[in-house]
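Asks: For reference, the chains in residue letters:
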Amino acid sequence: MFKRIYKSANDDIKTNRELIDKIFETAEKAPAATRRPQIFKYGTAVAAVFVFAAAAFMYPQLAKLNEQPQLPVENTEEQGKIEEKALQEDVLQKTEEETVIPETKTEQQEVTPIIPKVEVQSEDPTELAQPKENEGIAIVSESGDAQGFSISEGPSGRMFDGSGAAEMKTVALELLTEVSEEEKAMVEVFLKSTFGERDEQTENAYIFEIVGKLDGMFLCRWKHWVIDHSSLLTELVISEDLTELYECIYTEDGFVQWNTSNNMLEN
Amino acid sequence: MSENTFERHDKREIVEKYFDMIYKLALSQTKNRDSADDAVQEVFLRFLKSDKKFESDEHIKAWLIRVAVNCCHNVFSNSWAQKTTPLTEDIIFDTEEKGDVYYAVLELPQKYRAVIHLFYYEDMSIEEIARALGQNASTVKSQLSRGRKMLRNMLEGGYGLV
Numbered sequence: 000m001f002k003r004i005y006k007s008a009n010d011d012i013k014t015n016r017e018l019i020d021k022i023f024e025t026a027e028k029a030p031a032a033t034r035r036p037q038i039f040k041y042g043t044a045v046a047a048v049f050v051f052a053a054a055a056f057m058y059p060q061l062a063k064l065n066e067q068p069q070l071p072v073e074n075t076e077e078q079g080k081i082e083e084k085a086l087q088e089d090v091l092q093k094t095e096e097e098t099v100i101p102e103t104k105t106e107q108q109e110v111t112p113i114i115p116k117v118e119v120q121s122e123d124p125t126e127l128a129q130p131k132e133n134e135g136i137a138i139v140s141e142s143g144d145a146q147g148f149s150i151s152e153g154p155s156g157r158m159f160d161g162s163g164a165a166e167m168k169t170v171a172l173e174l175l176t177e178v179s180e181e182e183k184a185m186v187e188v189f190l191k192s193t194f195g196e197r198d199e200q201t202e203n204a205y206i207f208e209i210v211g212k213l214d215g216m217f218l219c220r221w222k223h224w225v226i227d228h229s230s231l232l233t234e235l236v237i238s239e240d241l242t243e244l245y246e247c248i249y250t251e252d253g254f255v256q257w258n259t260s261n262n263m264l265e266n
Numbered sequence: 000m001s002e003n004t005f006e007r008h009d010k011r012e013i014v015e016k017y018f019d020m021i022y023k024l025a026l027s028q029t030k031n032r033d034s035a036d037d038a039v040q041e042v043f044l045r046f047l048k049s050d051k052k053f054e055s056d057e058h059i060k061a062w063l064i065r066v067a068v069n070c071c072h073n074v075f076s077n078s079w080a081q082k083t084t085p086l087t088e089d090i091i092f093d094t095e096e097k098g099d100v101y102y103a104v105l106e107l108p109q110k111y112r113a114v115i116h117l118f119y120y121e122d123m124s125i126e127e128i129a130r131a132l133g134q135n136a137s138t139v140k141s142q143l144s145r146g147r148k149m150l151r152n153m154l155e156g157g158y159g160l161v
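Sequence lines, in order, name chains A and B. Here numbering that gives the first Met the number 0 is used: the first residue of the first sequence is 0, the next is one more, and so on. Here numbering that gives the first Met the number 0 is used: the first residue of the second sequence is 0, the next is one more, and so on.
Extracted from the complex, chain B is given alone in its bound form:
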């Protein structure tokens, strides 16, 4: 990539391309739309301000995921009820099983949630997740395994979780 690869319209394209991915990741991490909005803004503002040289689209994606998870670590559901809505009231699914599965994932500890989300929704491999989160592959494997175990316990029948 050339020195001036990321002109404004390129950065806009990248933001548009990864916005939904980062937003849904942030939502699964923060369990709250307002907090997810804050986190997503923070992620992309850092991206726009950054003059980091990215080697590929995969590099950008991994960077965005890492920054998103770090930003979301700072945010939990706040107690100022007037300005926030718990996710359980905000998202209503058309089937009960979707709600069961989605909210079961939200019940997981934050570090397992990220791995489960990236593995099952973003179809990332364990190596890709490890690279994105800055962890060892073995750590990711163990978090995935524990997350699955917890989900099996929470979800009756396990919904085919192996």
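Same shape as in the complex, but just chain A:
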């Protein structure tokens, strides 16, 4: 009976078939994913096999080079004399060097090395390589003061790409719990005060969806309203005490991941 009723209830639900055309329109605008030619896969495999084979072949040769020659017992005394002579020559040479007065010493000018001033903001080499100016959205608070950090727009240009980060936190999405309406409202107010209510350049209104709570962090989707639909900007995690704010990503195997060294509230 339950099955019959549940099926009947679902059959009554009208779906939004207009979305199908919209999906194809959107897909036409976006570039299609391309698969790398098979040759790359096979080429990589061949290269790997070659490297291993070369290493296996070269290893005995290299080992031979590193081996000390085994002197026969009868030559030990003669070898000792040769070594003693070499040592004496070495000492003599060093003595000569020490007595030589460098002529250029008084002519040497003290040159102060010019150390270029480097603003080290991050240990992430990929981030250092990127231009700093006018990157992404300039976030301005309600008071109009620039918050001093920028966020790349949309999932494709994320500052956080998971590469080279040493302090990654990964939490399983299935641990997500729901939050109360009061908590949602609190976090929403906090995010609006941090990022503002709309994009200054496009004037698109921001939407902050508090998805739930994960390991003590509020999980939030930051979207903006574009004409007649919302579009995702990025995903965020915020600590319960509102002192930490990170951009996060969802992995395909059901985890949420963020870099704990990139607290947006500290940058």
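Since the hints were made in silico from the structure, they are not lab data. None of the values given here were measured: they were computed from a predicted structure. A couple of the hints might just be wrong.
Stated by the list, open to error - With a straight-line Cα cutoff of 25 Å, these simulated DSS-like cross-link-like pairs (lysine-lysine) come out:
#1 A:K28 <-> B:K10
#2 B:K16 <-> A:K21
#3 B:K10 <-> A:K21
#4 A:K191 <-> A:K212
#5 B:K148 <-> A:K2
#6 A:K168 <-> A:K212
#7 B:K10 <-> A:K13
#8 B:K51 <-> A:K2
#9 A:K28 <-> B:K110
#10 B:K97 <-> B:K52
#11 A:K2 <-> B:K140
#12 A:K6 <-> B:K23
#13 B:K16 <-> B:K52
#14 B:K140 <-> A:K28
#15 B:K23 <-> B:K10
#16 A:K2 <-> A:K13
#17 A:K6 <-> B:K48
#18 B:K16 <-> A:K2
#19 A:K6 <-> B:K140
#20 A:K168 <-> B:K52
#21 B:K140 <-> B:K23
We have chain A; now place chain B onto it with these hints.
Replies: Frame of chain A; chain B shown alone:
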């Protein structure tokens, strides 16, 4: 299937064929029409952009379900009330029992909801559900059992739930 199996009209057919299934699954997961719209778009955009080789219709179905559940994990009811409508106001059923049963399922935790929906509405077997969701059959069985138990507690008389 040949290398160029999924020409545009083939993909259109597939989208049309599975659209309702994915939409209703997304609706049961997100409990919100706007969020379900977002999730469904995301699922099929990924499908259209993907150059994955599918072995059969069952493979496509399982893939779509898995992606839909993953997309829906990202979405819950949002607090921007101006642009969203809670599902309770949006769907009105012609009988009270339909409403009782449907909304009781929506009260379940998300992971149980997916299993209940796929089992009772899509008539999928436990093995098929396990394959689609990327879980063990025993996990699906236990989620189904717990989901049923919760529904029995919520629904007076249980509506014949075993």
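Asks: Decide if the proposed pair is consistent with the structure: K191 of chain A and K212 of chain A, CA atoms, cutoff 25 Å inclusive.
Replies: Since the Cα atoms of K191 of chain A and K212 of chain A sit roughly 19 Å apart, the hinted pair holds (cutoff 25 Å).
Asks: Compare the distance between the alpha carbons of K140 of chain B and K28 of chain A with 25 Å, and conclude whether the hinted pair is satisfied.
Replies: violated (42 Å)
Asks: Given the hint that K2 of chain A pairs with K13 of chain A, does the C-alpha gap stay at or below 25 Å?
Replies: Holds: K2 of chain A and K13 of chain A sit about 19 Å apart, inside 25 Å.
Asks: Given the hinted pair K6 of chain A and K48 of chain B, is their Cα-Cα distance within 25 Å?
Replies: violated (32 Å)
Asks: Is K51 of chain B close enough to K2 of chain A, meaning Cα to Cα at most 25 Å?
Replies: Between K51 of chain B and K2 of chain A the Cα gap is close to 34 Å, so the pair fails against 25 Å, i.e. violated.
Asks: With a cut-off of 25 Å on the C-alpha distance, tell me whether K2 of chain A and K140 of chain B pass.
Replies: Status holds; Cα separation ~17 Å.
Asks: Measure nothing beyond the straight line between the CA atoms of K97 of chain B and K52 of chain B; if it is 25 Å or shorter, mark the hint as holding.
Replies: Answer violated: K97 of chain B to K52 of chain B is near 39 Å, above 25 Å.
Asks: Quick one, are K23 of chain B and K10 of chain B close enough, alpha carbons at most 25 Å?
Replies: Distance of about 20 Å is within 25 Å: holds.
Asks: CA of K16 of chain B to CA of K2 of chain A, is that 25 Å or under?
Replies: Measuring from Cα to Cα gives roughly 23 Å; hence the hint holds.
Asks: Within 25 Å, alpha carbon to alpha carbon, are K28 of chain A and K10 of chain B?
Replies: holds (16 Å)
Asks: Compare the distance between the alpha carbons of K10 of chain B and K21 of chain A with 25 Å, and conclude whether the hinted pair is satisfied.
Replies: It holds: about 14 Å lies between the C-alpha atoms, which stays within 25 Å.
Asks: Are the Cα positions of K28 of chain A and K110 of chain B separated by 25 Å at most?
Replies: violated (34 Å)
Of the numbered hints listed earlier, those contradicted by the structure are 8, 9, 10, 14, 17, 20.
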